[in-house]
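Asks: Here is what each chain is made of, one letter per residue.
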Amino acid sequence: MWRGYIKREGIITVEDKKSQGLVDKVWEILSSIKLAVVVFTLISATSIVGTLIQQQVEPERNIKMLAKLFGDSAPAVFKVLDMMGFTDMYRSWWFLALLFIFAVNLVVCSIDRLPGIWKLTKTPVKPLDPEMFRTMLMRPQLQIKEKLGDAAVKVSSALKKIGFKNIQSDEKTGQIYAEKGRYSRLGVYVTHLSILLILLGGIEGKFFGFDGYLALREGDTASFLESRNGSKIPLGFSVRCDDFDVSFYDNSDTPKAYTSKLVVLENNNEVLRKQINVNDPLRYKGVIFYQASYFFNPDRIDDSRFIMKVYSQNTGKSQEVSVALDKSFDVSGTKIKGKVTDYSPAVGIDNKTGELFTYSNQMNNPAVFIEFEEAGKTVHKQWFLKRFPETWKTPFGSVQLLDIWGVQYTGLQVRKDPGVWLVYLGCLFMAIGLYAAFFMSHRRIWVHLTEDKGKTTVSVAGSTNKNKIQFDQKIDSLIKSL
Amino acid sequence: MDSSQLFGIATIAYILAMVAYIAYLAFKNSTVGNIATTITIAGFVSHTIAFFVRTAEFMEVGQMGIMRAIPLTNLYESLIFFVWCLILGYLLIELRYKTKSFGAFITPIAGMTLAFIELSGIHKDIHPLVPALQSNWLLSHVTMSFLAYAAFAISFATAMMYLAVTTEKKKDRAYIFWTTTLGIFIAILAAMCIDFFTFKIVASRPESFIKSYLFKATFRSSSGMVVLLSTIGLAAIIYAVYNFGHIIKKVITSFNISKEMLDDLTYKSIAVGFPVFTLGGLIFGAVWADQAWGRYWSWDPKETWSLITWFVYAFFLHARYLRGWKGQKIAIVAVIGFVSTIFTYLGVNLLLTGLHSYGAQ
Ligand code: HEM
Chain A
1 MWRGYIKREG IITVEDKKSQ GLVDKVWEIL SSIKLAVVVF TLISATSIVG TLIQQQVEPE
61 RNIKMLAKLF GDSAPAVFKV LDMMGFTDMY RSWWFLALLF IFAVNLVVCS IDRLPGIWKL
121 TKTPVKPLDP EMFRTMLMRP QLQIKEKLGD AAVKVSSALK KIGFKNIQSD EKTGQIYAEK
181 GRYSRLGVYV THLSILLILL GGIEGKFFGF DGYLALREGD TASFLESRNG SKIPLGFSVR
241 CDDFDVSFYD NSDTPKAYTS KLVVLENNNE VLRKQINVND PLRYKGVIFY QASYFFNPDR
301 IDDSRFIMKV YSQNTGKSQE VSVALDKSFD VSGTKIKGKV TDYSPAVGID NKTGELFTYS
361 NQMNNPAVFI EFEEAGKTVH KQWFLKRFPE TWKTPFGSVQ LLDIWGVQYT GLQVRKDPGV
421 WLVYLGCLFM AIGLYAAFFM SHRRIWVHLT EDKGKTTVSV AGSTNKNKIQ FDQKIDSLIK
481 SL
Chain B
483 MDSSQLFGIA TIAYILAMVA YIAYLAFKNS TVGNIATTIT IAGFVSHTIA FFVRTAEFME
543 VGQMGIMRAI PLTNLYESLI FFVWCLILGY LLIELRYKTK SFGAFITPIA GMTLAFIELS
603 GIHKDIHPLV PALQSNWLLS HVTMSFLAYA AFAISFATAM MYLAVTTEKK KDRAYIFWTT
663 TLGIFIAILA AMCIDFFTFK IVASRPESFI KSYLFKATFR SSSGMVVLLS TIGLAAIIYA
723 VYNFGHIIKK VITSFNISKE MLDDLTYKSI AVGFPVFTLG GLIFGAVWAD QAWGRYWSWD
783 PKETWSLITW FVYAFFLHAR YLRGWKGQKI AIVAVIGFVS TIFTYLGVNL LLTGLHSYGA
843 Q
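Line order of the protein sequences matches chains A and B. Heads up, the first sequence is in my numbering, so the first residue is 1 and it goes up one at a time. Heads up, the second sequence is in my numbering, so the first residue is 483 and it goes up one at a time.
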């Protein structure tokens with residue numbers, strides 16, 4: 001049917017050849033739009049099923065959902081669906097096969113038409129023979145009072161005005177002609193090619209890349225990842241997390257940034273340092289580390305440190321201290337020693353009673369309980385809350401909690417995807433191709449001039465492969481300026 | 483003046499413009515027509531300024547610069563932006579096609595949506611962005627998706643009008659198709675109105691609004707009686723539209739819009755919406771996911787549904803371009819495309835569980 005379309009445009013005529021051999025038949029099927037429709041429909045329909053059934057989760061979740069529809073036979077239905085691959089559908093052989101047929105269809109379809117279109121884009125516009133000219137005539141003839149020579153100049157400048165460059169003229173036929181956007185005809189092919197690039201990139205990533213997860217405690221180093229199925233993937237180098245931190249919009253629990261300070265090590269030598277953010281990952285040797293999650297877990301609290309800024313009234317100076325749980329630090333200029341004896345990840349103050357309570361198991365507002373003693377006797381004890389400065393005062397100065405280091409884990413999504421550049425290239429091609437396909441058109445125009453008793457008769461023929469209305473308006477303004 | 487006052491001015495302007503456009507259709511007086519256009523433009527200018535003012539207010543709260551303060555982060559803001567795109571699209575059509583006939587359709591939608599936002603008590607607070615949302619890719623993704631949705635909405639409207647003007651008999655499949663679709667749309671809008679007035683919405687993000695409020699007062703109510711009544715209501719509305727479709731047809735026909743123009747507009751809106759959706763909806767979305775989560779495509783329900791929507795519109799273009807589909811057939815494809823679009827935006831969050839819980843780490 002698209003051969004018919006080309007004929008309609010009157011540029012090339014392709015003979016409808018009768019298909020004979022098996023190869024021809026297969027080719028015909030693979031290049032048919034019918035196949036495209038079937039594949040589109042199958043991909044869409046199965047994808048819909050894939051969005052209803054949760055992918056790659058424990059069977060119970062889906063059985064529960066199915067029970068609403070099928071009641072007691074839900075487990076049996078689940079078994080059938082599971083066998084058919086619907087629980088990990090987008091990886092199943094038949095879904096990949098559908099994508100493959102889609103790709104082949106696209107290639108064959110494009111190859112089928114490309115020679116014609118290629119020839120068209122390779123052939124510059126030529127003068128038309130009179131008969132063609134008549135069929136492509138766009139407006140009734142009109143007379144202008146200039147002589148032929150002047151009229152030609154006028155027509156040329158009018159053509160320039162409506163956007164044509166490189167205007168040519170032909171003595172023999174008396175035509176002035178020009179064209180625009182010839183290569184935009186390739187836009188469709190660029191678009192189709194881009195889809196293939198994206199699919200290829202996806203395949204390359206699947207086969208030559210990996211995907212994993214890494215939970216790193218502050219201070220810890222790792223050289224293996226955990227993959228989705230629980231196996232270990234060696235990195236070939238190691239990473240250490242120096243610190244993880246959440247910052248909040250002032251005095252709210254709305255997070256503003258999650259940051260991890262990461263260090264890359266090769267044979268125990270530091271080679272790269274970077275502070276990563278949610279939208280700003282670390283890249284090293286093709287492996288990318290994304291900030292994905294975090295959690296609070298004081299399983300190795302003895303290894304952890306309380307980092308505080310201690311201000312002493314006696315000396316008027318502040319000092320940063322870093323101590324372990326139940327270990328003492330000095331308040332400078334006094335004989336007083338402080339000791340952290342308790343802590344909590346998130347302490348709030350009850351508005352009414354003024355009592356303290358823990359409100360989250362994440363480190364939203366960490367707090368420490370410090371006992372101060374002088375000569376073996378407890379002289380003061382108090383809670384210090386990181387985000388509430390009114391809790392920082394002590395009889396001898398103040399204590400500001402900066403961080404509890406070593407109790408938070410950063411969760412890193414780690415990926416190596418050697419195909420991603422193909423995907424990005426495909427995206428770029430698609431943008432260019434779609435622009436050419438929808439916002440550009442191949443326009444050709446021929447103006448025929450004949451002199452008659454000192455006046456010139458002008459007739460205009462033209463063609464465009466799309467956006468006829470706009471082309472028509474251009475012709476209107478051409479006629480007007482004559 | 484703060485942004486919500488400016489949005490109020492825009493609301494009033496669109497409602498006045500609606501009156502003027504209807505008067506213009508009734509009297510065919512070109513002065514009235516020009517007044518209508520002027521009021522619409524005035525509303526649009528106020529709407530645009532309000533957008534900038536809101537951005538400034540947002541910058542104040544977030545303290546992260548202008549790129550992190552574009553007001554497109556919750557239901558309130560996205561509805562307002564959607565209306566803005568719709569009016570922009572309409573003004574472009576008026577300019578290009580030199581016709582004011584659509585004004586009487588578009589301005590009431592715009593005015594009513596804004597008034598509805600005002601009345602419903604939807605949350606207007608500015609929320610600073612959580613880390614996952616702090617991305618220029620996401621910003622382009624959201625903006626362009628909404629532009630594409632607006633273009634698809636226009637193609638839906640023109641395709642429905644096309645079907646309404648071209649169907650004659652009640653037995654026509656195309657007639658049954660468009661009246662049923664319209665009936666369902668009206669029922670859904672009614673159900674949403676009931677939700678709004680029942681719950682006085684407090685959710686700040688579209689996702690949570692949809693999950694916890696949408697249709698809770700009707701189809702998803704905990705009382706079986708209410709669900710039954712709602713279903714009967716739905717059937718009644720569809721039947722009413724089916725029965726009185728000819729009246730709608732008469733109204734549209736009286737606007738003197740040629741069916742060729744409707745067909746052309748349907749195509750044009752999709753020809754604009756498709757590339758914008760491809761680039762903004764799919765590509766920028768994928769780039770953002772790649773930057774933030776480390777995977778450009780994870781087949782989660784929302785992504786999958788955008789892909790399905792994309793296929794429907796790709797089918798539309800190929801059917802028209804290669805097969806020369808025109809008229810009712812292609813209009814039906816355009817309607818299906820928009821139904822799929824809406825499902826991508828609302829239905830997925832409502833009915834399916836997925837990974838798309840942005841920012842909720
Ligand atoms: C979802 C994937 C696809 C996209 C995004 C796509 C995109 C496009 C676009 C934008 C056009 C130009 C249409 C216009 O100007 O109105 C086009 C034309 C075309 N497409 Fe596709 N296409 C896809 C899949 C396919 C498939 C699978 C086939 C093969 C059967 C195909 C065959 C064609 C043909 C033959 C043309 C006309 C080309 C010409 O004028 O020379 N497309 N495509």
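Hints are computed from structural coordinates only; laboratory data are not their basis. Take these hints with a grain of salt, some might be off.
Where chain A lies over chain B, by a calculated footprint (3+ residues, C-beta under 8 Å) [said to hold, decoys possible]:
1. 588-596
2. 606-615
3. 754-760
4. 789-801
Restricting the straight-line Cα-Cα distance to at most 25 Å, the calculated cross-link-like pairs of lysine to any residue (SDA-like) are [said to hold, decoys possible]:
5. B:808 to A:465
6. A:261 to B:773
7. A:206 to B:534
8. A:256 to B:534
9. B:580 to A:25
10. A:377 to A:345
11. A:64 to B:668
12. B:606 to B:729
13. A:274 to B:547
14. A:416 to B:615
15. B:808 to A:464
16. B:808 to A:332
17. A:285 to B:775
18. A:68 to B:741
19. A:180 to B:804
20. A:466 to B:797
21. A:34 to B:699
22. A:274 to A:237
23. A:468 to B:740
24. A:466 to B:651
25. A:232 to A:87
26. A:25 to A:189
27. A:468 to B:807
28. B:741 to B:673
29. A:377 to A:332
30. A:261 to B:618
31. A:161 to B:579
32. A:147 to A:465
33. A:416 to B:804
34. A:393 to A:351
35. B:651 to B:679
36. A:68 to B:825
We treat Cβ as the ideally placed atom computed from N, Cα and C, and that holds for glycine.
Asks: Each of the hints needs a verdict: does it hold here or not?
Replies: Here is how each hint holds up against the structure:
For a cut-off of 8 Å, the count of residues in the region 588-596 of chain B with a CB near a CB of chain A stands at 0, and the three-residue condition is violated. Interface restraint, the region 606-615 of chain B with chain A: holds (5 residues with C-beta to C-beta distance below 8 Å; minimum three). For the region 754-760 of chain B, the proposed coverage by chain A is satisfied: 4 residues have a C-beta within less than 8 Å of a C-beta in that chain, meeting the threshold of three. Here the region 789-801 of chain B counts 7 residues with a CB under 8 Å from a CB of chain A, which clears the bar of 3, and the coverage holds.
At most 25 Å may separate the alpha-carbon atoms for a hinted pair to count; residue 808 (chain B) and residue 465 (chain A) meet this at roughly 17 Å. With a CA separation close to 18 Å, the supplied pair residue 261 (chain A) and residue 773 (chain B) stays within the 25 Å bound. Restraint check: the Cα-Cα separation between residue 206 (chain A) and residue 534 (chain B) comes to about 44 Å, which exceeds 25 Å; the hinted pair is violated. The suggested pairing of residue 256 (chain A) with residue 534 (chain B) holds, with an alpha-carbon distance near 23 Å, which does not exceed 25 Å.
With a CA separation close to 50 Å, the supplied pair residue 580 (chain B) and residue 25 (chain A) exceeds the 25 Å bound. Taken as a hint, the residue 377 (chain A) and residue 345 (chain A) pair is broken in the structure, with Cα atoms around 28 Å apart against an allowance of 25 Å. Between residue 64 (chain A) and residue 668 (chain B) the CA atoms are separated by roughly 33 Å; this puts the pair beyond 25 Å, and the hint is violated. Distance hint between residue 606 (chain B) and residue 729 (chain B) is unfulfilled; the C-alpha atoms sit about 39 Å from each other, more than 25 Å.
Pair hint residue 274 (chain A) plus residue 547 (chain B) holds up; C-alpha atoms about 23 Å apart against a cutoff of 25 Å. This hinted pair checks out: residue 416 (chain A) and residue 615 (chain B) have alpha carbons roughly 24 Å apart, not beyond 25 Å. Straight-line distance between C-alpha atoms of residue 808 (chain B) and residue 464 (chain A) comes to about 20 Å, which keeps the hinted pair within the 25 Å bound. The straight-line distance between the Cα atoms of residue 808 (chain B) and residue 332 (chain A) is roughly 87 Å, outside the 25 Å bound, and the hint therefore fails.
A hinted pair counts as satisfied when its Cα atoms are at most 25 Å apart, and residue 285 (chain A) with residue 775 (chain B) qualifies at roughly 19 Å. Restraint check for residue 68 (chain A) and residue 741 (chain B): not satisfied, since their Cα atoms lie roughly 46 Å apart, outside the 25 Å limit. Of the supplied pair hints, the one linking residue 180 (chain A) and residue 804 (chain B) holds, its CA atoms being roughly 23 Å apart against a limit of 25 Å. For the proposed pair residue 466 (chain A) and residue 797 (chain B), the alpha carbon gap of about 18 Å is at most 25 Å, so the pair holds.
Distance hint between residue 34 (chain A) and residue 699 (chain B) is unfulfilled; the C-alpha atoms sit about 44 Å from each other, more than 25 Å. At roughly 15 Å between alpha-carbon atoms, residue 274 (chain A) and residue 237 (chain A) fall within 25 Å of each other, so this suggested pair holds. Restraint check for residue 468 (chain A) and residue 740 (chain B): the C-alpha separation of about 18 Å stays at or below 25 Å, so the hint holds. The hinted pair formed by residue 466 (chain A) and residue 651 (chain B) fails the criterion: a straight-line CA distance of about 34 Å is larger than 25 Å.
Of the supplied pair hints, the one linking residue 232 (chain A) and residue 87 (chain A) holds, its CA atoms being roughly 24 Å apart against a limit of 25 Å. Note on residue 25 (chain A) and residue 189 (chain A): the hinted pairing holds, with a Cα-Cα distance of about 23 Å set against a maximum of 25 Å. In summary, the hint linking residue 468 (chain A) to residue 807 (chain B) is supported, as the alpha carbons are separated by about 17 Å, within the 25 Å threshold. Only pairs whose Cα atoms come within 25 Å are accepted, and residue 741 (chain B) paired with residue 673 (chain B) is rejected, the gap being roughly 32 Å.
The hinted pair formed by residue 377 (chain A) and residue 332 (chain A) meets the criterion: a straight-line CA distance of about 18 Å does not exceed 25 Å. Between the alpha carbons of residue 261 (chain A) and residue 618 (chain B) the distance comes to roughly 23 Å, so the proposed pair stays at or under 25 Å and holds. The hinted pair formed by residue 161 (chain A) and residue 579 (chain B) meets the criterion: a straight-line CA distance of about 23 Å does not exceed 25 Å. Under the criterion of a C-alpha separation no larger than 25 Å, the hint pairing residue 147 (chain A) with residue 465 (chain A) is inconsistent with the structure, at around 33 Å.
Distance restraint check for residue 416 (chain A) and residue 804 (chain B): the Cα-Cα separation of roughly 41 Å exceeds the 25 Å cut-off, and the hinted pair is therefore not satisfied. Proximity of residue 393 (chain A) to residue 351 (chain A) is assessed by CA-CA distance (about 20 Å); at most 25 Å being required, the pair is judged to hold. Restraint check for residue 651 (chain B) and residue 679 (chain B): not satisfied, since their Cα atoms lie roughly 38 Å apart, outside the 25 Å limit. At roughly 22 Å between alpha-carbon atoms, residue 68 (chain A) and residue 825 (chain B) fall within 25 Å of each other, so this suggested pair holds.
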